[in-house]
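So the sequences go chain by chain: C and P.
The first sequence begins at 8 in the numbering used here and counts up by one.
The second sequence begins at 8 in the numbering used here and counts up by one.
Careful, some of the hints might be misleading.
Unchecked claim - Covered by chain C, per the in silico footprint, the following chain P stretches (three or more residues, Cβ under 8 Å): (1) 111-123; (2) 150-158; (3) 161-167; (4) 189-196; (5) 225-232.
Said to hold, decoys possible - Derived DSS-like pairs: lysine-lysine, alpha-carbon spacing no greater than 27 Å straight-line: (6) P:Lys259 to C:Lys277; (7) C:Lys277 to P:Lys277; (8) P:Lys277 to C:Lys259; (9) P:Lys118 to C:Lys259.
I should point out that these hints are in silico values taken from the structure, not numbers from a laboratory.
Each residue gets a CB set at the ideal place from its N, CA and C atoms; glycine is no exception.
There are 2 protein chains.
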Amino acid sequence: MLKIAVCQLPLNIETPDENLRLAESAIRQAAASGAELVVLPELTNSGYVFRSLEEVKERATTLDGPVIAKWSELAREFGITIVGGLAINHDETFFNTSVIIDESGLRGWYKKVHFWNDEPDFFIPGSDEPLVIDTKFGRLATMVCYDLEFTEWVRLPFLADAVILALPTNWPYGGLPTEPTPMESVRVQAAASQNRMVVAAADRVGQERGVDWSSASIIADADGVIRAISDRTKLSEVQILLADVEVPTDRKIGPRNDLRTDRRPELYGKVLNS
Amino acid sequence: MLKIAVCQLPLNIETPDENLRLAESAIRQAAASGAELVVLPELTNSGYVFRSLEEVKERATTLDGPVIAKWSELAREFGITIVGGLAINHDETFFNTSVIIDESGLRGWYKKVHFWNDEPDFFIPGSDEPLVIDTKFGRLATMVCYDLEFTEWVRLPFLADAVILALPTNWPYGGLPTEPTPMESVRVQAAASQNRMVVAAADRVGQERGVDWSSASIIADADGVIRAISDRTKLSEVQILLADVEVPTDRKIGPRNDLRTDRRPELYGKVLNS
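Chain C with its partners taken away, still in its complex shape:
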């Protein structure tokens, strides 16, 4: 069993220092609860609703900067793995990223590929596949937010034998019903179930410059079953979702069925057409 913590945080673009303080406090609280994998939202260091590239530049951090150094220190202190979203300045190019950090420091970083709304005005999209890293608890993948809606994209870590997907997100609330389950969480459940992969999504809570966040954080097991989900009566405060989840060792879903070998990729050619 793997204990996962998903930290749903009230980040704010106006208070980047406070964002980092909130993240550190959440990581410490998650570790104190025994979490081995801690997932933080998208763009934890900056907030999301930028008005200018200048605001991105002011808030972005570097791979050798203080945020990754601090998270590496916390990962070492507690023996945990941290996955979180960061605005990264890499040689004066700005990326919306997810980083994987463990006791040995930064294990890798992923640049968001599918962009939502105004992101093209502020970031350069990635063109590398979802990051997949071997950890002591299994093969771990990450991508960011809107990437998950592209089912082909989720297939890549599945095909690379990842068994856990950590998803930093900032899901703006779009007006759909949140009962019985918010649609963002539904898509996470389906991704987990159809890929036989644990999926842990850390969303935001609260409001920023007129944007309401969905507060749709969720931990779904490899059957897609909800193991922890945001409490929708607490829509302005920090929530740390905790779940003990079995990490799958294969893609079998029945005596004669396996999601990997039941695929018929020779028939999927048109998926590459635009």
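Starting from the structure of chain C, add chain P where the hints point.
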């Protein structure tokens, strides 16, 4: 708005004639309620839990046989479109199919591609893409049951500009929690939402030779929102789900976002690897 009826039927392999009677009665009731599109379960003419190929042969019908003739007559009588699952004998080869029938008769038939459990013992898998047919209410696609779990497969009608997917299914109940939403219905919601496509799935109800059916019928709109879902307090009787659903005219999901053009197919190559 399109009025859809999904007919969740207590089919039984022991009583093929009764299955067809149930289907006709459900079609008549759906049409009387104003349905324009009526969806029936997988293998409506035969039931599912075969013990021998002989049982398949006894129950399968032909493309020019009485079942399709009867459904064509009903489609003409009421001016409706019917999508249903049938065991088909085509030149002594047996297929698990979905047929699309309207006032002009049989518009097309689709052979299930992804096989569940013992189906390879009884049927030959198809290798044609999901069937896509233009109707008076929009471009309609069909596939069968387990096909839906292969997200690449659902992308094919999406890429072919289908806006409605009718899914005959026989989902055996596998023991997962059915609250807040059965996992089979969750996957339908996600398929609808991620492809901006109305999805109407007709499941079975009751038990057959020791197999419990999931009773997870659902009509999800193009946002993935549940517009009608099986009443889980009625798990042995016919249920006809009815919903008025808006048929989408594009894949736009925000001022700057479109699920079709936001794809980056040049990066999806590995999806074709087995």
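Here is what the structure says about each hint:
Coverage of a stretch by a chain is defined here by at least three residues with a beta carbon nearer than 8 Å to that chain's beta carbons; for the stretch 111-123 of chain P and chain C the count is 4, and the condition holds. Coverage of the stretch 150-158 of chain P by chain C holds in this model, with 4 residues showing a Cβ closer than 8 Å to a Cβ of that chain against a need of three. With 4 residues carrying a beta carbon less than 8 Å from a beta carbon of chain C, the stretch 161-167 of chain P meets the three-residue requirement, and the given coverage holds. Using a Cβ-Cβ cut-off of 8 Å, 4 residues of the stretch 189-196 of chain P lie near chain C, which meets the minimum of three, so the contact claim holds.
Three residues within the 8 Å Cβ limit are the bar, and the stretch 225-232 of chain P against chain C gives 3, so the coverage statement holds. With a C-alpha separation of about 21 Å, the suggested pair Lys259 (chain P) and Lys277 (chain C) falls inside the 27 Å cut-off, and the hint holds. For the given pair, Lys277 (chain C) sits about 13 Å from Lys277 (chain P) by alpha-carbon distance, which is consistent with the 27 Å threshold. This hinted pair checks out: Lys277 (chain P) and Lys259 (chain C) have alpha carbons roughly 21 Å apart, not beyond 27 Å.
Among the hinted pairs, Lys118 (chain P) with Lys259 (chain C) is consistent with the structure: their alpha-carbon atoms are about 24 Å apart, no more than 27 Å.
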